[in-house]
Amino acid sequence: MFIVQIFMMAIRGLRANLLRSLLATLGVIIGVGAVISAMSILEGTQRDIVNRFESLGSETITIYPATAKSGGRSVGMYQTLVVEDADALADPRICPSIAAASAEVSGMASIKNLGRNTEATVLGTNSSYADMYSYRVAEGRFLTRDDVASEQKVVVLGHKVAEDLFGHAPALNRTVKIMSVSFRVIGIMERKGNIGFRNVDSQVMVPVTTAMNRLFGIRFLHAIAVKAVSPSQVETAMAEIKRELRRRHNINIRAGKEDDFMIFSQEEQRRQVSEVTTIFEIVLYSIAGISLVVGGIGIMNIMLVSVTERTREIGVRMAVGAQRWDILRQFLIEAGIISLLGGGFGVAVGFMMTDLLEKTTRVIETYTAPGVIVYALIMAILTGLFSGIYPAYKASRLDPVEALRYE
Amino acid sequence: MIRIEKLTKLYQMGDSVVRALDGVDLHIRKGEFVSITGASGSGKSTMMHLIGCLDRPTSGAYLLDNQRVDQLSDRRLARIRSTYIGFVFQTFNLLNRTSALENVAVPLIYARRGGVRAHARSSLERVGLSKRAHHKPSELSGGERQRVAIARALVNNPPLLLADEPTGNLDSRTGEQILELFHELHREGVTIVLVTHEMAVAAQAQRVVRMKDGVIIEDRQVDEAYKQELLADRLKGERGGGAVAGKV
Numbered sequence: 001m002f003i004v005q006i007f008m009m010a011i012r013g014l015r016a017n018l019l020r021s022l023l024a025t026l027g028v029i030i031g032v033g034a035v036i037s038a039m040s041i042l043e044g045t046q047r048d049i050v051n052r053f054e055s056l057g058s059e060t061i062t063i064y065p066a067t068a069k070s071g072g073r074s075v076g077m078y079q080t081l082v083v084e085d086a087d088a089l090a091d092p093r094i095c096p097s098i099a100a101a102s103a104e105v106s107g108m109a110s111i112k113n114l115g116r117n118t119e120a121t122v123l124g125t126n127s128s129y130a131d132m133y134s135y136r137v138a139e140g141r142f143l144t145r146d147d148v149a150s151e152q153k154v155v156v157l158g159h160k161v162a163e164d165l166f167g168h169a170p171a172l173n174r175t176v177k178i179m180s181v182s183f184r185v186i187g188i189m190e191r192k193g194n195i196g197f198r199n200v201d202s203q204v205m206v207p208v209t210t211a212m213n214r215l216f217g218i219r220f221l222h223a224i225a226v227k228a229v230s231p232s233q234v235e236t237a238m239a240e241i242k243r244e245l246r247r248r249h250n251i252n253i254r255a256g257k258e259d260d261f262m263i264f265s266q267e268e269q270r271r272q273v274s275e276v277t278t279i280f281e282i283v284l285y286s287i288a289g290i291s292l293v294v295g296g297i298g299i300m301n302i303m304l305v306s307v308t309e310r311t312r313e314i315g316v317r318m319a320v321g322a323q324r325w326d327i328l329r330q331f332l333i334e335a336g337i338i339s340l341l342g343g344g345f346g347v348a349v350g351f352m353m354t355d356l357l358e359k360t361t362r363v364i365e366t367y368t369a370p371g372v373i374v375y376a377l378i379m380a381i382l383t384g385l386f387s388g389i390y391p392a393y394k395a396s397r398l399d400p401v402e403a404l405r406y407e
Numbered sequence: 001m002i003r004i005e006k007l008t009k010l011y012q013m014g015d016s017v018v019r020a021l022d023g024v025d026l027h028i029r030k031g032e033f034v035s036i037t038g039a040s041g042s043g044k045s046t047m048m049h050l051i052g053c054l055d056r057p058t059s060g061a062y063l064l065d066n067q068r069v070d071q072l073s074d075r076r077l078a079r080i081r082s083t084y085i086g087f088v089f090q091t092f093n094l095l096n097r098t099s100a101l102e103n104v105a106v107p108l109i110y111a112r113r114g115g116v117r118a119h120a121r122s123s124l125e126r127v128g129l130s131k132r133a134h135h136k137p138s139e140l141s142g143g144e145r146q147r148v149a150i151a152r153a154l155v156n157n158p159p160l161l162l163a164d165e166p167t168g169n170l171d172s173r174t175g176e177q178i179l180e181l182f183h184e185l186h187r188e189g190v191t192i193v194l195v196t197h198e199m200a201v202a203a204q205a206q207r208v209v210r211m212k213d214g215v216i217i218e219d220r221q222v223d224e225a226y227k228q229e230l231l232a233d234r235l236k237g238e239r240g241g242g243a244v245a246g247k248v
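Chains A and B, in that order, are what the protein sequence lines are.
All letters in the first sequence, in the order written, are residues 1 to 407 by my numbering.
All letters in the second sequence, in the order written, are residues 1 to 248 by my numbering.
No lab work stands behind these hints: they were computed from the structure.
All figures in this text were calculated on a predicted structure; none of them were measured in a lab.
Misleading hints may appear alongside valid ones.
Stated by the list, open to error - A short list of chain A residues far from chain B (calculated; beta carbon distances all over 10 Å):
hint : residue
1    : Ser74
2    : Leu114
3    : Ala149
4    : Leu172
5    : Arg243
6    : His249
7    : Asn252
8    : Ile290
9    : Gln323
What the hints assert, rightly or not - Pair by pair, the computed Cβ-Cβ distance ranges are:
hint : chain 1 : residue 1 : chain 2 : residue 2 : range
10   : A       : Val50     : B       : Lys136    : 55 to 61 Å
11   : B       : Arg76     : A       : Phe2      : 15 to 21 Å
12   : A       : Phe2      : B       : Gly14     : 56 to 62 Å
Unchecked claim - Stretch-level coverage of chain B by chain A, calculated; a stretch enters the list once three of its residues show a Cβ under 8 Å from a Cβ in chain A:
hint : region
13   : 48-62
14   : 89-99
Glycine residues also receive a C-beta, built at the ideal position from the N, C-alpha and C atoms.
Please put together the full structure from these sequences, using the hints given.
Structure follows, in structure tokens:
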């Protein structure tokens, strides 16, 4: 009962100067809004990254060419990774812990079907690619060993590319032009979304040999993706890869030579990405933190003005029996209400900002965890109380005689 | 009720020390109606602040209901203000955007008493304002505002009512009505100390204490002759520049 009355008294105090109270609230609204959207972006991005890694499968290992160095300076990538390396790694007699390996080259290219054309990633790969990621054809067939061996000009279209080029018309066995070279469509893939950091729906796949010789004019691979026979065999598989590639590339480590390739397990890649997201995290949290602090300063400012303006009222309250603690509590509760209201509206604003970001950028993934709301509200209340302490203390220390005399 | 002995209050004003009260002795019995009067700077406001437990004396003793209160902690003083003393001010000092009833309820909340609405309502009734309970101060006349302030002062049933120039902001007719209300409360047994510079107002009390330069220069019961004297304002010479309006 007593608490209710104290609370009502604070509400009346705030209502008595509504505009000022709302202005004080505004700072908190923006602060909490910033916290909510920052955390939603972070959480969304992290979930997105986790999903992408999961789509790759934890037994995936990726091999990239290493950076070549001359006199301590980087002089580009080694050009030593070849299709035969991938074939050797995929051979169970040579590397028993490896289930499959796909050679990869890729680049952006424009693809034409008569009048229509679209930009897509062209991935040169081999027959293992689809199986490695459980990526299925919806129509026709995927690339075969023969396609790769005989450098066929055939193409398998990602779902969205097929739609862009053919709409609902049949695409199978039609001819499309990739960088002015004619390819026959042999398959159309199911809708899949992301595999790793690539949206495979906007990708087309051609034999890796065809891509190297007829499209990109290169003799070396961009990467080899390897799948270990099981997640527990990843370490062994990585050792087999090292041994085999060193043998094939004539690298004698003991003689002081360096590897011309880099191997990343799923886990290592994950760690690298999480380093980047940690930086993001720090930046976003700092921005959110700063806006809360600014909100807090706003509250303190306005509470200080309010205390000065209400000096006489404070004197009267003391005269009619208020303890110093009663005055302190009243102003603290006022600050608390401001920040709680600001927090409430801030959550709503945060949701709107998050939604807006997701819709306008179409790149940023967001997810607002329920815990975030609780966290933001607690932060808001703490900010309010913290910035309310000094003004409230100042009010409670007023001398009743002086306060009553105040004009 | 009030027993003040050798009460002194010094203020530091820049380099000089001001003796606002200089060894004052004063006894006020339960149920008395006493006016404290004097010119501006005579020490009557300081006296009121000390009697009202808003301030502590530099030296001397103050016993309220046989209890030493001159050197109590802020907390104890607040408690005494809450239970023993009701304040009425010249400028009413009501909370502006709050209804009469809620204004009256404020001391009850600080006294942590239950039945807030009922007590506040009966206190408003006591000053004849129950019909205006839900009006804001801005919707009330000056006299009504002062009645609300008196209801607020009485709501905790304090034995002592302290009024500081209660008629100072009112026209003379309304002022008379407020004084009439004081008489009624006095008859009901409330001890009243009224601080004023107006002799005509002071004359309403049973006893007048006149102060000058921090000391009491006259303390006497009001009989008919003295009352006429005060009303006729024949003490003009000693009033000096006392008619400073608006001072709290």
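Going through the hints against the structure:
1. Ser74: For serine 74(A), whose nearest Cβ neighbour in chain B is about 72 Å away, the distance exceeds 10 Å, so it holds.
2. Leu114: holds (76 Å)
3. Ala149: Correct as stated: the minimum Cβ-Cβ distance to chain B is 89 Å, above 10 Å.
4. Leu172: holds (78 Å)
5. Arg243: holds (82 Å)
6. His249: The assertion about histidine 249(A) holds, with a minimum of 85 Å to chain B.
7. Asn252: holds (86 Å)
8. Ile290: holds (35 Å)
9. Gln323: violated (5 Å)
10. Val50(A) to Lys136(B): 55 to 61 Å: Since valine 50(A) and lysine 136(B) have Cβ atoms about 60 Å apart, the given range 55 to 61 Å holds.
11. Arg76(B) to Phe2(A): 15 to 21 Å: Between arginine 76(B) and phenylalanine 2(A), where Cβ atoms are some 20 Å apart, the hint holds.
12. Phe2(A) to Gly14(B): 56 to 62 Å: Roughly 44 Å apart at Cβ, these two residues miss the hinted range, so it is violated.
13. 48-62: holds (count 4)
14. 89-99: holds (count 6)
Checked against the numbered hints above, the structure violates hints 9 and 12; every other hint is satisfied.
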